[in-house]
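Novice: This is what each chain is made of:
Protein chains: 4
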Amino acid sequence: MMEEVEAVVMTGPGCALERRAFSAPSAKPGGAVLETIASEVCGTDVHLHHGRLSGVPYPIIPGHVNCGRVLETNGLLLDVEGRPIETGTLVTFFDVFGTCGNCWHCLVAKAATRCPHRRVYGITTSAEDGLLGGWAQRIEILPGVRVLPLPEGIEPLDFMGGGCGLPTGFHAVERAGIALGDTVVIQGSGPVGLNAVIFARLAGALRVFVVGAPKARLEAAKRLGAEDVLDIGEISNSADRIAWVRGRTAGRGADVIIEASGNPAAVPEGLEMLRDAGRYVVVGQYTDAGDVILNPHRHINRRHATILGCWGYEFTHLHRALQMMAYHNARFRWRDLMTREYRLEDAGQALLARIIHGHPAETRACR
Amino acid sequence: MMEEVEAVVMTGPGCALERRAFSAPSAKPGGAVLETIASEVCGTDVHLHHGRLSGVPYPIIPGHVNCGRVLETNGLLLDVEGRPIETGTLVTFFDVFGTCGNCWHCLVAKAATRCPHRRVYGITTSAEDGLLGGWAQRIEILPGVRVLPLPEGIEPLDFMGGGCGLPTGFHAVERAGIALGDTVVIQGSGPVGLNAVIFARLAGALRVFVVGAPKARLEAAKRLGAEDVLDIGEISNSADRIAWVRGRTAGRGADVIIEASGNPAAVPEGLEMLRDAGRYVVVGQYTDAGDVILNPHRHINRRHATILGCWGYEFTHLHRALQMMAYHNARFRWRDLMTREYRLEDAGQALLARIIHGHPAETRACR
Amino acid sequence: MMEEVEAVVMTGPGCALERRAFSAPSAKPGGAVLETIASEVCGTDVHLHHGRLSGVPYPIIPGHVNCGRVLETNGLLLDVEGRPIETGTLVTFFDVFGTCGNCWHCLVAKAATRCPHRRVYGITTSAEDGLLGGWAQRIEILPGVRVLPLPEGIEPLDFMGGGCGLPTGFHAVERAGIALGDTVVIQGSGPVGLNAVIFARLAGALRVFVVGAPKARLEAAKRLGAEDVLDIGEISNSADRIAWVRGRTAGRGADVIIEASGNPAAVPEGLEMLRDAGRYVVVGQYTDAGDVILNPHRHINRRHATILGCWGYEFTHLHRALQMMAYHNARFRWRDLMTREYRLEDAGQALLARIIHGHPAETRACR
Amino acid sequence: MMEEVEAVVMTGPGCALERRAFSAPSAKPGGAVLETIASEVCGTDVHLHHGRLSGVPYPIIPGHVNCGRVLETNGLLLDVEGRPIETGTLVTFFDVFGTCGNCWHCLVAKAATRCPHRRVYGITTSAEDGLLGGWAQRIEILPGVRVLPLPEGIEPLDFMGGGCGLPTGFHAVERAGIALGDTVVIQGSGPVGLNAVIFARLAGALRVFVVGAPKARLEAAKRLGAEDVLDIGEISNSADRIAWVRGRTAGRGADVIIEASGNPAAVPEGLEMLRDAGRYVVVGQYTDAGDVILNPHRHINRRHATILGCWGYEFTHLHRALQMMAYHNARFRWRDLMTREYRLEDAGQALLARIIHGHPAETRACR
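Chains as they are written, first to last, in numbering that gives the first Met the number 0: chain A, 0 to 366; chain B, 0 to 366; chain C, 0 to 366; chain D, 0 to 366.
Hints are computed from structural coordinates only; laboratory data are not their basis. Just so you know, these numbers come straight off a predicted model, no measurement behind them. Errors might be hidden in some of the hints.
For chains that are exact copies, the list does not tell them apart, and a pair is met inside one copy or across any two.
Stated by the list, open to error - Cross-link-like lysine to any residue pairs, in silico, SDA-like; alpha carbons within 25 Å at most:
(1) Lys109 <-> Tyr326
(2) Lys221 <-> Glu3
(3) Lys214 <-> Asn328
(4) Lys109 <-> Glu80
(5) Lys109 <-> Leu141
(6) Lys109 <-> Ala249
(7) Lys27 <-> Gly176
(8) Lys221 <-> Ala238
(9) Lys109 <-> Pro150
(10) Lys214 <-> Thr112
(11) Lys109 <-> Thr248
(12) Lys109 <-> Asp335
(13) Lys109 <-> Phe96
(14) Lys109 <-> Pro83
(15) Lys27 <-> Arg247
Put together the whole structure using the sequences plus the hints.
Specialist: Right, dumping it as structure tokens:
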């Protein structure tokens, strides 16, 4: 008799989550099966639930960033160093797969995060194709999916505390090209914003300021090394916030600003906080939350600004971010960034909590 | 008895130009005096006349890019190679001076074009301080102003055909970081746009497309190496223009786009013409011509775009652009880009012609 | 009855080439078979014959850069734009294959040309594995090998005139980061050197000088745009050659130097020709031809030099170089760079000619 | 009656230091006079004493990196933010001056550390021109010399603990372009090497290894964040040292290596410790200590190496390094890197100590 496992299925935008039974998967040649330990509940899941992403093949099993234990492999499963990953190992995996390595974007533009063949667990995978999302008792690792053992000293909840914000924040900081001694402003204190604080500090920022909310996240930002924080709940006027940054940067604005807020209005506001010839990274606009008004003369041309969109992340970002976490976990205590844990059957509640409280910028995990 | 020379003075925004007599200047120690041969009439002069630039110390003598003959020096006048410049030499000079080399922008940010002490002949110099603009029979070269002899084979009108668009276009192309084989779109066919066509071709672009007007400028663009041109007078719908570019770029958009149009609406339109992970330079918004609506998700974040404001130019841009002109003049015939010559006393008419015809994107010279 | 085709086999270092009959290959799923039109005889083939490369699985069928006509496909064969390549199409292919896309070099360092799984047609492929080199009547295209149709207007001999020097020179110029207006010296006038002249000009070099031999190659360099050339047969003293370059560069040395000579002694000599803070690319040392003496103080540290090794090439280099060839063939006439054609049965003679004349830096094709 | 002050004069290579009386200087317009608090004794001073630098205008007053108290100004003395520096302020100053801002190196190449007009206090300034070195009771600040107030919390001996190694190490790390998560090897544990350890850690290195001597300096390296150190006194065989690094880097070698050893032989050894496509900075070869043997094929071309000479430092490096010191002084305790203090009259002994012990890689201060 076939073993059955349970998964939480999002059948469509706005529909209640359903618990469904699936046949336990077995590993395809070159693949593996994980027993799920924890799966992130992130802002993307809320967007998925609201139907704000295009091309999602509902029904889906959400959960793109995950930790599990290797139950079964079919043939050698290797890490990026070529070492075999044994059954029983605690692992995560790079949620992006299917990047073709053959198309113009991959080969000529070397813009792999824009490869049209790219797929993502828990987002662009249908529940009809199997257990390809983390809100399930098992996760099927397809052949070619890159598995990363958790480094020594990193437990699943440490990793979940970083969540998808870990490699996303890492990528944003890489893209920002922070120079030793730069003053950096982070807009947004959600998972991406807080990881950006961490990596901005690790990349050589002298001073880091955070503009966000709520208080608890700003307290976390301070603990992670932010010199000062601005609570947008308290200073609700954009001009005042701009003045707050300029007052801390000799009137010039910051060298680097990373927008990780999810709010389109942050973009023109952030450009006013930027010094001439500064660098501005936009990593918080993963869904279309609306248009903004910009002034090309003042915000771009005269400012000699460099504005850098930052989409997705690559294996290298996850790999290196995880190594950095292993090295610096005692200092940054990623686990404490997780706001709450839910059991798998309470996934709907997890999602709801985010929605009700209106602060999707928290990191949660289901397990 | 003191010699007198004539200059054209712009006394204020909207005021008719006046011809005034000035005492002939003599060279300060380390400085020089030029006999003016030609002075550009460019879009900035029209903006000056409309009062669209802030901080202009009217009355001014317009004319920031100029050619002249060295009448007099006071001490050794050296070129950048350290060679003396003799009386009688045909020269131009770097119109920007006063960049302090001592402030935070100069020393720490290395953003010299944003030095607050930076001044520009014919724009931020008052007629009360002397003959510091080209619409005059003589030009005073202040100590520290960098003088460049015209290279062998380059005559004043060749140089005027390039005008301020020469170093501006050069800088924009440098900032774009064109890679060998890139497909480039230039928005705008004025002096900056056409020089951007030239330097994009010289920097390794495979294909260059120009979106602009009027016909004569687009014909010039083709002569300079544009593969195809779009006349915005004929295709007046933005969506059609975007489709035109995408149709020529495998549906992906261009690798690099340089906005040199002066029209803020070109910015959102250009971002729709850009491929994922492409580079977009904004060099056409030298005055505040208004706001635009952008979508941070679609135009920046998901596109993984790099958007680069480009302000002013540095000595190196003028120096190298002039050397490139000397080498490639037979191929590009800069002189033919000049639309008309005026006598000094007809400067008002030159300005008017631009204004009336509504195509400020032409290069003219007064002499 | 099985069809037979002929190939030229290099059985080991120093052994005479052998003509052997092979069974005509048939396309594997996802692969193809080409009817060979031409195959390059390049310096690497001479090195292979001398046994100067390690890890070569003799016996081999030489010929890594090739042109052919598609005889047979097995399933859809797509170009990088996703367009099907029909039987009968004239094509070349990226000789490098097997790059794994999964190892640390591919994923983390993004140094694909150093992937340990990388293989090359005609160099690291054994004749026992099939027709995986161009000195044969047929070439088997393995699944995953990237095929490029020759662009319209490019005939096989145009492409062979470029040979492997085309993407190698392209890569070297990309690595050099030539800025608009740079003065460039190319050391070596073989296929890589001459293609480097072409791409240096296309990438914005103001002045290009070539130091090489023999006369015919230097004449070609001049035709391709070199301002001046130095014949090392005539100026055999290193100090004189350094003085020659310095005399043409205001005593400072060149902004960029590309070493494509194959002679280790070119490296210290070239570093003496380099200006302070210049960039020096080493692309001519594909085999170990010996050690050199350098002075770390003078050549590197005080010079603030940037020295860039350049190994192999990637698909993007071949793809873009081929597009540039299609655009600029009338100007550069690559075909004329080919020194001689041989029939397949005269391959040994082709090899010998190179060896005897001692100028391996020529491009030949067998067909 | 004229006030007299004392200075230590190095009259020529190999000559004993002399104590001489000088008239107390007064500030020139735009300049200032400092009362010396401390002056570094660094490796350069030993080289000066040995006559290993060219162009030194003996007799000189050594001491290029200094701290003092402003005794007198003549007109406003401003810091880089434009704030006045009052009499009595504790300051250091950028020892490099005279960079012309007008020559080809300054304006076109933007290679200011190679400006031929560049002068350095205590090295290229003659004692006949005044108190232009720190081994004196007073230091004259010439007009145009950039003065930096010590940040709050930084005392003169903290700054002296960094010494010239502070901005030099900062510059080397900037030039290395360390990416988040890189593994870095520092060759040399002198002042430059130890500051490079600090800044490599601050710039995002995951792991830092140090190859140097003696034990005390290696202990310091560990305290500053080196994961492991190799004592060249114990492992004296180059092959063993290379194996030591490769054994800690998956056999591949390090991503980045900074040579700060002063020993030419470190260069070929370091290149063997470098991974393919890695970056190698040479900052330890400030004098010509001899030639080395390199293999262009193995060390440069096939390795696809990037080798970066690093000469001098700019104002921005000193300015930002000082800000980083102020922020991170509790963590790194620069003061503890100083090995010993001497009174001014014992300067000869300070110099001798270095020479006798054969470890010039220590930081001392005279005061």
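Novice: The structure should be examined with respect to each hint, and the outcome stated for every one.
Specialist: Evaluated hints:
{"no.": "1", "hint": "Lys109 <-> Tyr326", "verdict": "between (30 Å within a copy, 23 Å between copies)"}
{"no.": "2", "hint": "Lys221 <-> Glu3", "verdict": "neither (46 Å within a copy, 53 Å between copies)"}
{"no.": "3", "hint": "Lys214 <-> Asn328", "verdict": "within (23 Å within a copy, 29 Å between copies)"}
{"no.": "4", "hint": "Lys109 <-> Glu80", "verdict": "both (22 Å within a copy, 14 Å between copies)"}
{"no.": "5", "hint": "Lys109 <-> Leu141", "verdict": "both (24 Å within a copy, 23 Å between copies)"}
{"no.": "6", "hint": "Lys109 <-> Ala249", "verdict": "between (39 Å within a copy, 17 Å between copies)"}
{"no.": "7", "hint": "Lys27 <-> Gly176", "verdict": "neither (41 Å within a copy, 42 Å between copies)"}
{"no.": "8", "hint": "Lys221 <-> Ala238", "verdict": "within (23 Å within a copy, 47 Å between copies)"}
{"no.": "9", "hint": "Lys109 <-> Pro150", "verdict": "between (29 Å within a copy, 22 Å between copies)"}
{"no.": "10", "hint": "Lys214 <-> Thr112", "verdict": "neither (34 Å within a copy, 40 Å between copies)"}
{"no.": "11", "hint": "Lys109 <-> Thr248", "verdict": "between (36 Å within a copy, 17 Å between copies)"}
{"no.": "12", "hint": "Lys109 <-> Asp335", "verdict": "neither (36 Å within a copy, 33 Å between copies)"}
{"no.": "13", "hint": "Lys109 <-> Phe96", "verdict": "both (16 Å within a copy, 17 Å between copies)"}
{"no.": "14", "hint": "Lys109 <-> Pro83", "verdict": "between (29 Å within a copy, 22 Å between copies)"}
{"no.": "15", "hint": "Lys27 <-> Arg247", "verdict": "neither (56 Å within a copy, 35 Å between copies)"}
Checked against the numbered hints given earlier, this structure breaks hints 2, 7, 10, 12, 15; the rest are met.
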